[in-house]
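Protein chains in written order, with this note's numbering: chain A, 1 to 114; chain B, 1 to 111.
Everything labelled a hint here was simulated from the structure, so no lab data went into it.
Keep in mind that a hint or two might mislead.
Stated by the list, open to error - Once the Cα atoms are required to be at most 27 Å apart in a straight line, the calculated DSSO-like pairs of lysine-lysine come out as:
hint, chain 1, residue 1, chain 2, residue 2
1, B, K67, B, K36
2, B, K103, A, K11
3, A, K11, A, K71
4, B, K68, A, K57
5, B, K36, A, K11
6, B, K70, B, K103
7, A, K14, A, K71
8, B, K36, B, K68
9, B, K56, B, K103
10, B, K67, B, K103
11, B, K68, B, K103
12, A, K57, B, K56
This one's a predicted model, so the numbers in the text were calculated from it and none came from an experiment.
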Amino acid sequence: DTGVSQDPRHKITKRGQNVTFRCDPISEHNRLYWYRQTLGQGPEFLTYFQNEAQLEKSRLLSDRFSAERPKGSFSTLEIQRTEQGDSAMYLCASSSLTYTDTQYFGPGTRLTVL
Amino acid sequence: GEDVEQSLFLSVREGDSSVINCTYTDSSSTYLYWYKQEPGAGLQLLTYIFSNMDMKQDQRLTVLLNKKDKHLSLRIADTQTGDSAIYFCAERGQAGTALIFGKGTTLSVSS
Chain A
1 DTGVSQDPRH
11 KITKRGQNVT
21 FRCDPISEHN
31 RLYWYRQTLG
41 QGPEFLTYFQ
51 NEAQLEKSRL
61 LSDRFSAERP
71 KGSFSTLEIQ
81 RTEQGDSAMY
91 LCASSSLTYT
101 DTQYFGPGTR
111 LTVL
Chain B
1 GEDVEQSLFL
11 SVREGDSSVI
21 NCTYTDSSST
31 YLYWYKQEPG
41 AGLQLLTYIF
51 SNMDMKQDQR
61 LTVLLNKKDK
71 HLSLRIADTQ
81 TGDSAIYFCA
91 ERGQAGTALI
101 FGKGTTLSVS
111 S
């Protein structure tokens, strides 16, 4: 399967703990995106990378959030000092500049903060 | 600012056609997308249309774009129970690459 993969699929944590999610994009896709989706809403953009460079961050990405894509392949999203309001589905997508830049999504990581 | 709006629910009978509507505000949008999301899953790309097109057909799916009214629709022919899901409309402007999504339309198909 050459689709976008995310790990873990589910994460339950206590308030104040740090969590890290991983995304593996479709191979050879040079753009990678993170979105957050809360119940009853559409996905909201957080940040994106072109190769290893983080080119855009939304205002939703507070100081407690950090994302990396060190070698231009997989990416990690870390949330420090989690809060209950961080509970959401975190979606990763990837795209290729060479063909319409269409974004393909992974299965998501469901985060529950107790 | 940018905004995408969709009706929240649609209920149809199996075998009927479904039409899901979407309006957007960014006149500079270059691509418009339809994604499908099943419970607990990620988003599956269904189809997309470039802003200089009026219509695109792909098997049971027909996308219509009225750029003047900023209105996009997705028609599903011969709707099946497996089509029950949430359908998201999304736009992408020229300036950035982030997708702007609507809140989604929940399609319920009864047999």
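Each hint tested on the structure:
For the suggested pair K67(B) and K36(B), the alpha carbons sit about 23 Å apart, so the restraint of at most 27 Å is met. Taken as a hint, the K103(B) and K11(A) pair is honoured in the structure, with Cα atoms around 24 Å apart against an allowance of 27 Å. A threshold of 27 Å between alpha carbons decides the hint, and for K11(A) with K71(A) the separation of about 25 Å falls inside it, so the pair holds. A distance of roughly 31 Å separates the Cα atoms of K68(B) and K57(A); the hinted pair therefore is violated under the 27 Å criterion.
For the proposed pair K36(B) and K11(A), the alpha carbon gap of about 24 Å is at most 27 Å, so the pair holds. Between K70(B) and K103(B) the alpha-carbon distance is near 17 Å, which keeps this suggested pair within the 27 Å criterion. Restraint check for K14(A) and K71(A): not satisfied, since their Cα atoms lie roughly 31 Å apart, outside the 27 Å limit. As the CA atoms of K36(B) and K68(B) are separated by approximately 26 Å, the hinted pair is consistent with the 27 Å bound.
A hinted pair counts as satisfied when its Cα atoms are at most 27 Å apart, and K56(B) with K103(B) qualifies at roughly 23 Å. The straight-line distance between the Cα atoms of K67(B) and K103(B) is roughly 21 Å, inside the 27 Å bound, and the hint therefore holds. Restraint check: the Cα-Cα separation between K68(B) and K103(B) comes to about 22 Å, which is no more than 27 Å; the hinted pair holds. A distance of roughly 33 Å separates the Cα atoms of K57(A) and K56(B); the hinted pair therefore is violated under the 27 Å criterion.
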